[in-house]
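Peer 1: Protein chains in written order, with UniProt numbering: chain A, 1 to 598; chain B, 1 to 252.
For the record, the hints were derived by calculation from the structure and aren't laboratory data. We treat Cβ as the ideally placed atom computed from N, Cα and C, and that holds for glycine. Check before you lean on any hint, since a few could be wrong.
If you only want the chain B side, here are some residues facing chain A, beta carbon under 8 Å, derived [unchecked claim]: (1) Ser67; (2) Leu68; (3) Ser116; (4) Arg117; (5) Lys141; (6) Thr169; (7) Pro180; (8) Ile197.
Below 30 Å or equal to it, Euclidean Cα-Cα: the simulated DSSO-like pairs (lysine-lysine) are [unchecked claim]: (9) Lys141(B) - Lys190(A); (10) Lys207(B) - Lys197(A); (11) Lys197(A) - Lys210(B).
Letter by letter, the chains look like this.
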Amino acid sequence: LIETDAARAEWDNPMQFVLACVSYAVGLGNVWRFPYLCQMHGGGGFLIPYMLMLVLLGVPLFYMELAIGQKMRLGSIGAWRAISPYLGGVGMASVVTSMYLCLYYNVINAWSFWYLFHSFQSILPWAECPANSNLTGPVEECERATPTQYFFYRETLDISGSIEENGGIHMGQALCLLLAWIIVYLFIVKGVKSTGKVVYFTATFPYLVLIIYLIRGVTLHGAINGVKYMFTPKMEQLAKPTTWINAATQIFFSLGLGFGSLIAFASYNQYNNNFEKQAIVVSMVNSGTSIFASIVTFSIYGFKATFNYESCLERVRLLLLNTFDLAEDTISLENVNHWIAELNRTHPEQFASLGGRLETCDLEAELDTAVEGTGLAFIVYSEAIKNMPVSQLWSVLYFIMLLLLGMGSMLGNVIAVITPLSDLKFISVLSYPVGLVCLFCLLLGLGFTTRSGNYWFTMFNDYGATFSLLFIVLIEVITVCYIYGIKRFEKDVEDMLGHRLNWYWKIMLAGVSPILLIALFIFYIVNYIQGGTPTYQAWNKELGKSVVTEYPPYAQAFIGLLLASSVCCIPLTALYTYCKKRNLASGKRERTVSTVSL
Amino acid sequence: MHCCSHIILLFGQAICTVGDNCYRAVTFLKEGMLVWILFLLCQVGAPALAQDLCQRDAPNGYKVRISLKTALGEDAYEWNQSEMFFFQATMAFAMRRHFQMETYNVDNIILCVQTSRVSFWFVVTSPDNTTMLIPKADVEKAVRMSRHRINNAFLLSDRTLEFLGIYPTLAATVNPDTPPWLIVFGVVIGAVCAGIIALLVSSLLQKRRKEKGMTEDGQDEEDMQVKGVENGINLDGTYNRGFTDDDRFTKL
Chain A
1 LIETDAARAE WDNPMQFVLA CVSYAVGLGN VWRFPYLCQM HGGGGFLIPY MLMLVLLGVP
61 LFYMELAIGQ KMRLGSIGAW RAISPYLGGV GMASVVTSMY LCLYYNVINA WSFWYLFHSF
121 QSILPWAECP ANSNLTGPVE ECERATPTQY FFYRETLDIS GSIEENGGIH MGQALCLLLA
181 WIIVYLFIVK GVKSTGKVVY FTATFPYLVL IIYLIRGVTL HGAINGVKYM FTPKMEQLAK
241 PTTWINAATQ IFFSLGLGFG SLIAFASYNQ YNNNFEKQAI VVSMVNSGTS IFASIVTFSI
301 YGFKATFNYE SCLERVRLLL LNTFDLAEDT ISLENVNHWI AELNRTHPEQ FASLGGRLET
361 CDLEAELDTA VEGTGLAFIV YSEAIKNMPV SQLWSVLYFI MLLLLGMGSM LGNVIAVITP
421 LSDLKFISVL SYPVGLVCLF CLLLGLGFTT RSGNYWFTMF NDYGATFSLL FIVLIEVITV
481 CYIYGIKRFE KDVEDMLGHR LNWYWKIMLA GVSPILLIAL FIFYIVNYIQ GGTPTYQAWN
541 KELGKSVVTE YPPYAQAFIG LLLASSVCCI PLTALYTYCK KRNLASGKRE RTVSTVSL
Chain B
1 MHCCSHIILL FGQAICTVGD NCYRAVTFLK EGMLVWILFL LCQVGAPALA QDLCQRDAPN
61 GYKVRISLKT ALGEDAYEWN QSEMFFFQAT MAFAMRRHFQ METYNVDNII LCVQTSRVSF
121 WFVVTSPDNT TMLIPKADVE KAVRMSRHRI NNAFLLSDRT LEFLGIYPTL AATVNPDTPP
181 WLIVFGVVIG AVCAGIIALL VSSLLQKRRK EKGMTEDGQD EEDMQVKGVE NGINLDGTYN
241 RGFTDDDRFT KL
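Whenever a hint applies, use it, and build me the whole structure from the sequences.
Peer 2: Take a look at the structure:
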């Protein structure tokens, strides 16, 4: 039973729709995943598979989702049910996956708030180690790790040693999560009317911050090392299949396909909105932002690596001066290595007594420490920021940017859940679906603020929305092109836009994209099977670093549940519809929305 | 030099008291030579004695390391004998401050093994007995007590004026009653809640205004059309958007 689109809300103007899509697609992944991939797979050379995958996979699928949403004018559940009654489960699977994403994604925003609020201090709390209780030295855990790691793992998360050790809720985190959910509620409570106004800000302000950071970044000492390192293409990486697979995966997840958000956004469009141009524009903007963000990230990397390298040289210099009692200005940073050789030659026994204390300083090794994900955003970046002059300002700007990126994506995720639910008649009987969804997600999300919460977060991040999405989009493409029929789809698009589908769209949608998706799908399964027991990085207090630990059996079962719960919707709904149709008397038929006549 | 004059005086007294009937004219010359020999020995012996007390890795000594260029850069002063004397004076002050009874003097601080790094060793002797060294623990207590004054005397800091073995006490972390982040959090959440309340109130007012408007002149035309009520007759159909006259192709 689906409500007809009698008085459906609409975007005030097409620009709001485009900005909403940009705000949703341009998220944290552009900042913390793409630069990592770029570095891992040969710098400038990675752009080749990336752009190729964008053209072959990203833009056509994006186009398809927008077309469906705009045509059906319903959220994902209603839209897929209208396309094919047996495949209404695709919409359900999208909603379930979006729900998982809603649960854990806002925790990142909570962390961003936490860091933002802690930036208003004269000395940034992650700049120095706190003193221990006797005031004789820094806290041991902080000494073994770095101050930024200590602040993230101990003071922000209060992380336990493994996923089995639970603990209480971290009150500060819980408060920040509450704030994050209140803000999300505020942004979507009035539907697209309020969301449409908010996206003007969430889509554009991050670019302003990125530009400011670009200017600051490239003027930092040593930034050029990082940018050079990133852009030096290592073409031999292109020969490895993982490069191409990672490029495809990145395009896929970066555009946010399969969650139902794009369908939901497009459902609020005017019927004749020119989504073709908009699809191309948003995809290009998303990829362009990734490249832009990676320039910024790498200039920051270069600064941090150079800073660490020079600190290392300084320590070695001091060690040599102190051991051999030479005057202060004999050794400078430039001739440290020369002096090492010299002293080894002239005072071999004394030199040998230095033993392990003499560090080797290597700029390449510093640059090689590629990190992705929350580690990059909250540890590496904050380490670089604390060494900049006026670090509080840069810290505030950076975390506001992270917040806006995260909030923009959150809006899409929550709307992907609410739109189909509010289309279903029985839900709209409840007066406040938005408030209830937010409250529900907040209460469950508090689980991620416990001491082992970060491990559950990683589990959701790695397994909650990766494999299921591939499956969902694969079914989507096959449904649209082969079950619904590419001819019918063409006619619908012509009805909306006024011109027929280009040969490019037809070939991509019907041929290339499904093949690529199937290849990705097979790769994921093979990788998962070959990978053995799934593992995670557990923070070890004594060593002051992360160690690879295996998931306990109940956690592995939970992973299986995560994967199965969204994927199963599709076959289960198909079965249910089939049974229902069989049991119905021949006379009374379910009223389906005829798509051709509209 | 203090000790030398003591010794000579004592010996001289000893010589004279031994023989009241001393042949002054003959022994006077011998005395002079003796005194002169003693004097020479003292000059050589005293530092040798002090050298035995102060040496590299002395059990009761501390090594001091000074990094002038690191601390002061361009304004670094030259480390010379006057600065060494100043150091002795400062240490004597520190010892006096700690042991309030005893009067330490510059001579009680013995320095040795000076290098160009600038680093040197020092030991502290007792004011009553110059051969006796003050134990390490007491020196440490004295240094800890006056560390701040010693640093400031040389325009240096804990890091640039190092007493190897005496670790500086770190500044206690200031823990304010309300952590600053909570204050910012309170401000933000207050603003957000105010925003929500404003939104809800405005929507309530809008609804009330609409209701008032509706009861005054009946239902809206559009509502009627949408609900399929035309000319007062309920039509059982759906609104066909194909007949709206909005623009056929909306631009980007």
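Peer 1: Output the indices of the hints that this structure fails to meet, ascending.
Peer 2: 5, 8, 9
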